[in-house]
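Peer 1: Required output: the full structure, derived from the provided sequences and hints.
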Amino acid sequence: MTEPAPTPVTPTAVTPTRDPRISYDAGTYALRLGDDALVLAQRMGEWVASAPQLEEDVALANIALDLLGQARPLLSYAGSLLPGADGAARSEDELAYLRDERDFTNVQLVELADNGDFGRCVARLLVFSAWQQELYASLAGASDDTLAAVAAKAVKEAAYHRDHATQWVLRLGDGTAESHQRMQAAVDAVWPYVEELFEPDAVTSSLAAVGMAVDPASLRDPVLGYVSAVLERATLAVPSTRVRHSGGRHGIHTEAMGHLLAELQHVARSHPGASW
Amino acid sequence: MSAAAATAGEWPLWEVFVRSRRGLSHAHVGSLHAPDAEMALRNARDLYTRRQEGVSIWVVPAAAITASSPDEKDAFFDPAADKVYRHPTFYAVPDGVEHL
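Protein chains in written order, with our numbering: chain A, 1 to 276; chain B, 1 to 100.
In case anyone wonders, no lab produced these hints; they're calculated from the structure. Quick caveat, the model's predicted, so the values are computed rather than measured. Watch out, some of these pointers could steer you wrong.
Said to hold, decoys possible - Derived contacts from chain A toward chain B, CB cut-off under 8 Å, selection only:
no., residue
1, 58
2, 59
3, 62
4, 115
5, 233
6, 235
All residues carry an ideal CB built from backbone N, CA and C; glycine is no exception.
Peer 2: So this is what it looks like as structure tokens:
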């Protein structure tokens, strides 16, 4: 991505008076949200020059760049709150390029490979952007200034991503018999990864108690409400599967993740410190 | 979208007009392919307003535009060439009127 990134939100300096436990949790939370955005940016970027039409290449690239623009301040903030072993803040590049798979804390939903299936791409984007939109809308009022600033800027982007995915799901679901069947298969494939978005844990609970994070469980009804309504309009069935995959927040990833990181990281690792 | 176009895998062509800011007219900026009007509007947003070029977008099916023919250029446009009195050059333009 050679395009200049949008003006980054400057991370607020770590307040020395802040409880170190809260600081650590806030760093963990920022890292999770940053990893979600970074990994999906990478997946969306794979579509450039492979989308059904040139116009869609540009649309998906715009979405990827929006996500990358969200990941940068989130990772920088996480790096300032979760210093390395030497006590120095870690940079966004260090976090993006030099961590191993087990240290990535994104949900598994964002790492799934589309394998050239455009239906999978828009099915995942529908769920993820609906979640991000609700999350950022709430997080914009958080008591953490940096998280609130990132969320306030990103909420409009997420709303547009959600609209883009909605348009495609409606057209493909309610299109030809072939497109309907493939869109349904794509939704079915993505569905076992949806519930992970709404799982609370000790980190989100401790932060939500002080207004610094959004309780993931509170997002479940509005997100599934939106997605289900779109699926219904698209004449698609909401999958009834009970299968749930989870573990991304704790570094447990699918087979696809290693391949994704190899592409994302190999230049930075093969040429340490290179700039271009 | 016509069935023929759908099976050929080609989307119809749309012409895009963008108003760069309030007070100005929509101006033609280019064209694009899209399956329908709603998607054409979104594609136009992504292709032509990425760098804050606009506050309003129109999309028009290219097939709906009737254009003058280059063959008729002489009869259409040349007669206006020697009618200097049609230009408002004999009036003083008030200060601050940018887009007269």
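Peer 1: Take the hints in turn and mark each one as holding or not.
Peer 2: Here's how the hints hold up against the structure:
1. 58: 5 Å, holds
2. 59: 5 Å, holds
3. 62: 5 Å, holds
4. 115: Constraint on residue 115(A) not satisfied, violated at 20 Å.
5. 233: 14 Å, violated
6. 235: 17 Å, violated
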